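Line by line, the protein sequences give chains F and G. With our numbering applied, the first sequence covers 31 to 327. With our numbering applied, the second sequence covers 3 to 159.
Source of the hints: derived by calculation from the structure; they are not laboratory data. Be a bit skeptical, because a hint or two may be false.
[Said to hold, decoys possible] Straight-line C-alpha distance at most 35 Å; calculated DSBU-like pairs for lysine-lysine:
1. K151/G to K216/F
2. K93/G to K119/F
3. K119/F to K8/G
4. K65/G to K216/F
5. K289/F to K216/F
6. K117/G to K216/F
Since we're looking at a predicted model, the values are computed, not measured.
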Amino acid sequence: MDRLLRNLFHFEAPQSIGTKIQLRAFEFFTVIYTLLYTWEWAFYVPRLSDVVLPLGVANYLNVEIFFSELATVNAIVITLSCLIPLLFKRLRWLYVPAFLLFHLQYVTRFSQGEIPHSANLVAFSLMGLALAAVFVRDIKKSLPFAFGFTIFFLGLGYTSAAISKLVATGITWPDGQHLWLWIGEKSIDILSKTGEFQLNWLQELALSSRFIATVILTFGLVAELLGFLVWWKHLRPYVTLALIGMHIGIDLTMNIFFKTFTIQLIIMGFPWNRYINNFSKRLRSLPLKAFGRYLLY
Amino acid sequence: MLEKYKRIIGAVLLINILLVATHEGEFWPFSIYPMFSQAGKPWSRGVVEDVRDTTRSDLWETKPIEAIDNRILPLEEYGIHEIDFANYISKTRSWNAEKINGLRTTFQIDDYPGKMWMATRVVGSINEQDSVVIKAIPMFLFTPDSTYKNPNLFPNK
């Protein structure tokens, strides 16, 4: 167990420039995408009229009151609660209200029956930063904690997704016919969105052969099932590559691109700190000190 | 320090399990990630047909999607989220006046004189010949002046 925890939370050369860049890149990414989602949802919710499917805290609170400029007020509070700890590296407990209000913003926006998971990993990152601010405090330790916390729930999430498939459908889940049905379903979503739809090469290939469609689904299922292996540092880059490959496959076959997940996998799944430290001599010649004060810690 | 981290992870994991177990697998961001878990099940989505001729005989008939796919309204150009629309039209069970007006409000068709838009439910399934069959079911025709319900689906209303 301790070995697993060290794999999650220990960075080699924790005070090196490479580790600081990777951890702050993780924190910047989390805040930037929290704000992108927050404002996108704030601009959309005034169009909503009633709750179709309550999620999360919306089961206990009528979020229809946020179908107004209150969603914008919420977005302003989230923005301040994220930017102050990010840029000034103090009052980091503000990540706690930022996370809680981010949840509120999500359940307000997605009260119409759709349950998207594209922002889940960003939310886990924000939750990790919030917990770190409360329980760890020292930024030198809190950022590695938030990073490891996110990696833990990233691996758990992918493996859970695979288990859900095996429980709900069974071992026949990867049957190529199922992919045909999903391609048809997503073609209707694209048709509804843009007024037109054309099959791409991978969709045509999958539809031409049940065996090929089965191979595509099998790869996706295995990649997800092995997702928990990202918990171990030496396996992380390989599992990350498989998961990124799976996301590209989902995009090509079902026109659903998990852009945020993919970017976060790239930031977190590879030992960038080691790569950067290997080039640290060259980096020293760059004007890092001027920016380092704000960008690093 | 690792002992502390272990306790935090354990506590959050416990909260995760309790919340998803009591909220049908979803308490964002906690989730069992059930998307695409039920494979092979028939599905239901939605499109809006841009109707040009209301006198044609198959206006209210259920038909293959190919019969209307050259006149589908691109919802993104009208600021309507296609997934929200699909969920609204496919998951609403009781079409009372409030629900129908909610759909009409989403379209804001009053701003488009001369337009006639058919809110259409689309269903897909695999038939006995192992082929995917996609059918379009007309539900409501919206014009700037009126709303018409499919007489085959709502005969007495």
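Among the hints numbered above, which are violated by the structure, and what are their numbers in rising order? Hint 2 contradicted; others consistent.
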